[in-house]
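Residue numbers (the working numbering), protein chains in the order written: chain A, 4 to 504; chain B, 17 to 355.
Simulated from the structure, these hints should not be mistaken for laboratory data. Do not rely on the hints blindly, as some may be mistaken.
[What the hints assert, rightly or not] Examples of chain B residues lying across from chain A (beta carbon under 10 angstroms, computed): (1) Pro138; (2) Ser186; (3) Gly212; (4) Glu350; (5) Lys353.
[Unchecked claim] Now the stretches of chain B that chain A is said to cover, found in silico as 3 or more residues with beta-carbon under 8 angstroms: (6) 71-81; (7) 202-208; (8) 284-291.
As the structure is a prediction and not an experimental result, all values here were calculated from the model. Cβ atoms here follow ideal geometry from the backbone N, Cα and C, with glycine treated the same way.
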Amino acid sequence: MQELVNAFLIAIETVFSWPTFGILVLGTLVGLLFGMFPGLGGPVALALLIPMSFGMDQGSAMVLFASAMGGVTFGGSVTAILLNTPGTAPNAATMFDGYPMARQGRAGEAIGASAASSAIGAIIGLVFLVALIPVARSVILAFQPPEFFWLSIFGLSIIAVVSMGNVLKGLISGGVGLLISFIGWEGAVSVSRFAFGTNYLYDGINIIIALLGMFALAELIKLSTEDRSIADPESTSNFADTIKGVKLTLKNWTVVARSAIIGTLIGIVPGAGGTIATFIAYLQGQIASDDPDSFGQGNIQGVISSEAANDAKDGGALLPTIVFSVPGSAVMVVLLGAFLLHGVTPGRALLTDELHITATIVVTLVVSNLLTSTIGVLTANELTRLTRIPVRLIIPTILAVVFVGAFVLRNNITDVFVVVLFGLVGYWMTVYDYSRVALVLGLILGPIAEKGFLQSLAISDTGYLIFVTRPISLVLALLTAIGLLIPLLKNWRDSRGGLEQ
Amino acid sequence: MSGNSGINRRTVLKSGTGLAAAGVTGLAGCSSIGGNGGEYPSDDITWIVPFGAGGGYDAYSRAIGQYMPKHLPNDANINVENNPGGGSRTGTQAVWRADPDGYTLGMIDTVGNAAYQTVIEPDFDDYDITEFSYFGTAAWEPYGFWTAWDSEYETVEDLQNADQIRMASSGLGSAATNAGVVANSVMDIPSENVFGYEGTAESMTAVIRGDADIVPVNSSSARSAYEDEDLRPIIVFDNSPIEWASESQAAGELGHDGVVSVGRFERTLGAPQDTDQEIIDTLEQAWLDLVDDEEFNQWSEENSRPIRPKNAQETEETTQGAVETFQEYQDIFEEAKQD
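The following block holds chain B by itself, in its conformation from the complex:
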């Protein structure tokens, strides 16, 4: 550079001072981290949502963030942060790596992760989904097979007798796909997978426009399509038919308990492993109190977000159960991976 370039000692000193000043100001702006030795929670809590803004996990988390603080001993704030990526694994890992002091919590997709670490990527070791400190579940929902309103298929038998049934969904690693793959195999449906759609909405649209015959989707996501007479359910992966679509068959009634166990997603509430049991108990109690909270229930009604609560132990059992069931289905996924 020529001697007249702008970078000389004076400039460096000036910018260095400027940087230092900015740095000090910035640091001064940070609030103290961690508690100040008082009763839990004595500071704000960070709540991580491993999904993008606007989705179901986000919606429930924000409602919890808004209405749960008053049920905690010290009324601390809950700050919800989105941390999407890696199919929810980025955010889940962020919770796993946080200090187990109760100040980082998150909403975790247990069934999806159970599938991933058990059958889709057995070498996965970023975390163990069964080792999180769960304090409850906000909601859960079964998936089911839905088909176009005017399609020729009405019952599972119709599907079983067809030459070929195309199933549209995102791909292995998505809870809906996992559910569909298991169901097809267990119920002997001659299926061919059409993967790559970005989420359930696109998969449903694919079936409506004729790309495929069936789509695995949870009931409430399909409801609007049902009311528009675009899609109707064939079978739901639950023990009883859908309330508002009673023509649907139920996997449990047909004897497919494994399908019921993994054909679902769960919105669980968790903390890093080895979080102090007292803190977990406090959180569990706050959650159970929130379940009866009037404002929370009003939110739930107005937004069609049903609350189907579980306590800490039930959550752990469901998670463990999902892992074990997926282990039984290892062959199914090996086959699917090779297609």
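The shape of chain A in the complex, shown without the other chains:
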């Protein structure tokens, strides 16, 4: 306990000294900017900051990287809300309700809510994380392939809830997502599937490319047929709206807390990834809400739960990265490289003798989150103007941003063509009312589910029993069952209600 406190005191001293604090602000702004542009995001921001960090001392370097990470998550939510374009993949869940709110002229409120829930989520996540540090190793090691399997199946069961209106269409979308996810090399069976011998498809379809296409590009197509601006040009917004968003977030503090804890926990599970954290948090927000049907149409709780989890997950994802060199999310991959460059070696020491380094990173994350949230609240009003610009001006610009983002992701022009393809698919889906969320879920969770399944059988001494004889697996399996029962129960309740009338 004493060590924990000492470590954090050292960290606070480091972070709030000059010029380190200046570095923090710089990193935050860089992260914020990069987070807003799809295809850029955390990994690219960090990769660009690495050369800048040569010659910095270890503490300053850690602050630089952590602050960029903190800035990215909020930056991504701004574009998710205003333009239906998730700056980073985890911001996708913010877009589900954030963008509808923007269309209703409530963008300011959404940004305010995102800012507030990001900040509070980060703090709650931090507290939870610190509580977990003593048992971090055991928690991480407790998750083996059967748990990964159930985690992803639980995630897939979200499809049933998310498509409560039309389960068949939801299943079709999810199924297509699963099918697409199987493209490429599957290490577990050492086979390349549906890649037609190309190097491009060897790695499968990239999730950011799919998101850019299905949501951003599809939305641009849709807007071009409507010939107006994203929000009603007559709508007004002002600072009061933003504050309203902040106040509503505070009112929904239980949603924030639950989402933050979920974000941290899932962030800790190596290989789960940040996107699942926000999706599952979004789901629990929907399940626990008084008005689950309004999710996806501009319910502010959707934005709150997604963003709270989004900011908490980075703290969680830090743990497997620093203890086992297993990156908990995409941005952690680059962070690892940055660590090694500055002589920070992942291992037990970072949780014991060198805990102050970990603490420095965590403190920086929180401070930069608070910083971006403040900037967000102050500039929200100006940002919302974007939603009132006529589309014929917005579309070409965003189109360029999307295409450049797609290319910049992997320096691969084929990605741009694939974005176009997904754009058409996404537009078609909105016209015929198929759930794009379900497809995305299938796409992200398919590989994790399959890998979890195959690896579980490979390591099992008891055959299929391994899926039900482990405590964490059982809990996750039960949660899945509950998740699947909810729409059934609801249908039953509705039909009974109908009969009574």
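Given chain A, put chain B in place with the hints provided.
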């Protein structure tokens, strides 16, 4: 669309002009491509890393990019670019397809590619790993079998006598997996593969938490786990035991030379095939000068990235040797593919 839609002749003309203006400005921003007829290198060099940022190949490449220019005749810049994908084949292919004028170079994983084009995907014809114009090797490292600190296995004999040994790794196509598969077969270890982990760090974690018994990993990646007392080595695929873990056995000492030949990865420095020999000689000399460079060595020490240099010819020999050894082991991989 209604007559009031935003797309009319004026709009098209306006946007067309705008596009043209943007295009011209953009083109003006591009610097001239290729040399201006001076001595090599008379322009900036692009260095391709077929792996993502932050990893080993990336780290060595960036250090080379930073410290090698001053050893080149004209002090040209080296711009490092990451081009990951396809298990390093995307970036390697980018080097292969570049003009052989010395202005595109890359760091190439020769052993991994040797396995791929020989035994994993014999129809592979995007490039031939033996035909690149190599000018040196930056580092190489042997893999080895590591096990959990408290596991019951201490020696290769223990592994051989077990009922079943589970090996955790990424999958065929990863150099570590290839090394492990060959070693298991050659040393008669009753192994079962657990594939699908994303890289060595995850495979090591898998063994620590009990998914599997052994993991093929290179020594320096396992070092931190060794110091944390999470993993310890059983055998290293080299001719002598690990310096800082002398309890490890050595495959070479047990007579398994084939394992030593392919149980490793190499970080080689290459250019497209048929690059002018003069250019290759210049690059080779610059590399060998860099090896003695004080700043480069300081970087190496501070970052625990040992420099184990080879010249052009040694690199070619190692690459050719790996291809030939894998050809001998074709059956082993056929079997592994069917599992």
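Chain A contact restraint on Lys353(B) - CB to CB distance below 10 angstroms: 6 angstroms, holds
Coverage of the stretch 202-208 of chain B by chain A, judged on three or more residues with CB within 8 angstroms: violated (count 1)
Residue hint Gly212(B), partner chain A, criterion CB-CB below 10 angstroms: With a closest approach of 3 angstroms, the Gly212(B) hint holds.
Given coverage of the stretch 71-81 of chain B by chain A, checked by CB-CB distance under 8 angstroms (3 or more): Check passed, 4 qualifying residues.
Restraint satisfaction for Glu350(B) [CB to CB of chain A, less than 10 angstroms]: 12 angstroms, violated
Within 8 angstroms of chain A's CB atoms, at least three CB atoms from the stretch 284-291 of chain B: coverage verdict: violated (count 0)
Evaluation of the interface hint that places Ser186(B) against chain A, nearest CB under 10 angstroms: 5 angstroms, holds
Pro138(B) as chain A interface residue, shortest Cβ-Cβ below 10 angstroms: 13 angstroms, violated
Hints 1, 4, 7 and 8, counting from the list given before, are not met by this structure.
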